[in-house]
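Enquirer: Chain by chain, the residues run as shown.
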Amino acid sequence: MLIFSHWIIVFLLAPLFVGVIAKVKAFFAGKKGPSLFQPFFDLQRLFQKDSVYSRTTTWVFRAVPIICLAAVLLLALLVPLGPFKAPLQFTGDIFLAASILGLARFFMIIAALDTGYSFEGMGASREAFFSCLCEMILFMNFITLSLAQHSISLSSMIGGNLPLSWKLWGTVLILVVGSFFILILAENARIPIDDPDTHLELTMIHEVKILDHSGVDLGFLLYASAIKLFVFAGILIPIILPIEPVNKVMDMLIFLGGMLAVSIAVGIVESTTARLRLNRVNHLLLIAFALGFFGFVVKMWKG
Amino acid sequence: MTSWVDVICITVVFLSLIILSNYRVAAMIRIFAIQSFVLGLLPFFLHAFCISNRDVILGVVTMVLKAVLVPSILFWAIRHVSMRSEVKPIIGLSASIILGAMIIAGAFWVSLSLKLPGKPASDLILPCSLSTVLLGFMIMVTRTRAVTQVLGYLIMENGIFLFAVSLFDVMPVLIEMGILLDIFVAVFIMAIVVNHINEEFEKNPASVTFSKMGETF
Numbered sequence: 001m002l003i004f005s006h007w008i009i010v011f012l013l014a015p016l017f018v019g020v021i022a023k024v025k026a027f028f029a030g031k032k033g034p035s036l037f038q039p040f041f042d043l044q045r046l047f048q049k050d051s052v053y054s055r056t057t058t059w060v061f062r063a064v065p066i067i068c069l070a071a072v073l074l075l076a077l078l079v080p081l082g083p084f085k086a087p088l089q090f091t092g093d094i095f096l097a098a099s100i101l102g103l104a105r106f107f108m109i110i111a112a113l114d115t116g117y118s119f120e121g122m123g124a125s126r127e128a129f130f131s132c133l134c135e136m137i138l139f140m141n142f143i144t145l146s147l148a149q150h151s152i153s154l155s156s157m158i159g160g161n162l163p164l165s166w167k168l169w170g171t172v173l174i175l176v177v178g179s180f181f182i183l184i185l186a187e188n189a190r191i192p193i194d195d196p197d198t199h200l201e202l203t204m205i206h207e208v209k210i211l212d213h214s215g216v217d218l219g220f221l222l223y224a225s226a227i228k229l230f231v232f233a234g235i236l237i238p239i240i241l242p243i244e245p246v247n248k249v250m251d252m253l254i255f256l257g258g259m260l261a262v263s264i265a266v267g268i269v270e271s272t273t274a275r276l277r278l279n280r281v282n283h284l285l286l287i288a289f290a291l292g293f294f295g296f297v298v299k300m301w302k303g
Numbered sequence: 001m002t003s004w005v006d007v008i009c010i011t012v013v014f015l016s017l018i019i020l021s022n023y024r025v026a027a028m029i030r031i032f033a034i035q036s037f038v039l040g041l042l043p044f045f046l047h048a049f050c051i052s053n054r055d056v057i058l059g060v061v062t063m064v065l066k067a068v069l070v071p072s073i074l075f076w077a078i079r080h081v082s083m084r085s086e087v088k089p090i091i092g093l094s095a096s097i098i099l100g101a102m103i104i105a106g107a108f109w110v111s112l113s114l115k116l117p118g119k120p121a122s123d124l125i126l127p128c129s130l131s132t133v134l135l136g137f138m139i140m141v142t143r144t145r146a147v148t149q150v151l152g153y154l155i156m157e158n159g160i161f162l163f164a165v166s167l168f169d170v171m172p173v174l175i176e177m178g179i180l181l182d183i184f185v186a187v188f189i190m191a192i193v194v195n196h197i198n199e200e201f202e203k204n205p206a207s208v209t210f211s212k213m214g215e216t217f
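Here the protein sequences come in this chain order: S and A. With the first letter of the first sequence counted as 1, position 25 gets the number 25 in our numbering; the numbers rise by one all the way through. With the first letter of the second sequence counted as 1, position 119 gets the number 119 in our numbering; the numbers rise by one all the way through.
Each hint can be trusted.
Here are the simulated lysine to aspartate or glutamate pairs, EDC-like style, with alpha carbons at most 20 Å apart:
1. 85/S / 251/S
2. 23/S / 195/S
3. 23/S / 42/S
4. 31/S / 197/S
5. 299/S / 123/A
6. 25/S / 42/S
7. 25/S / 195/S
8. 167/S / 123/A
9. 302/S / 123/A
Since the hints were made in silico from the structure, they are not lab data.
If we strip away everything but chain S, and leave its shape as in the complex, we get:
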């Protein structure tokens, strides 16, 4: 039951989250922008279409959209969403979270290589390089948080009384939040790292790998990336905002407000910064890693 309520939230709110980001970007560009529900319409349009497959592709290419969607849905179960506790939690599930992300990424890369298209191969190689750095950042932040909370279970690491310890660990948490925010942008191919709207093959990382997918498959992949963004924001929010399981309505409001704030922040970053040159992206990721590492050092120093 808990699982389904989790999935319903994710399915309903994740495209809306993307819609809010698009709205913020339109506002900064001085435009009215598409409706908040545009991602839903896009997905509906895609789901009505058939998929077209190249003759060079094999079953791997067809399986990947389903695997990616399943992986992010599994990931969503590990994260507490507002008043709903994570249905799946056990000691050490941060490793499961990281390996689910790794699994989805591995199959994306394999599918990109499967098409035999040189640009997809380039995208795959870039993704492999940058995600290797992203994983370092993810684990650095998880180590710091688990030290602060004495737990290596994701939902007890980020939830609980962590936001209330801002007085004590404020400096550490600022560093962790900053590093994690860059990680959100990097993992979900947002602007300083990768442009989700561009279709210029030479520069893109994530989009180039879904060039050959069409119809329902493309819909699955877009849904999966929206859910991934939503889940990452869902990990960030309990670090900042206190969600105590006392008042369900209040919790939900806090959670939705946090989501809105994160999406606006992402939208502002996207509309005020330019996309980084490809060979500068690893510097930004390394800075995020250094931030996380600095947070770890400060945590160790404070004891």
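Since chain S is already given, all that's left is putting chain A on it; use the hints.
Expert: Here is chain A on its own, set in the frame of chain S:
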């Protein structure tokens, strides 16, 4: 109030890390100005709710001198010398960032065994000032342009300032002012020297390539 001092400390170290990872001289100078501004805020937060005249004077002088005057002199220098805007690091930027992170860890480790005579406003001041000094030193060693080396020196001075502020109550304000004046004069002399190097090279342009201007080696 201690937590604000903490926030300023980690911001200063973080900004030095950003300067270390930057490849444009102008951006480096701008971030240095932000770092000095943040440092200038520090005296206001040292004594909770009872800001004395000394705090105000030190903070304002620091901000005016290091966040406005010194950056504008540096900007004047790079514009006048018209050298290329990219830094030329000896080791790559990625390696610099990782090395910087290691330097921070090392500074924290070393400060475990350092004991201060008085009790500083925050226990982060000592390790953060040490990290800033070392990061500034690293910028000085691994960048080949004269202006970036001066920037490294200024970041080192920022680290020393952070440390001096923790001993602010036992130190006469005159010494800090003297140091600030020295910094100002040093940057001024540097700008003049860089300018003279440029003029000297302009006299016989055939003997030296354009990109070598303002480089020390």
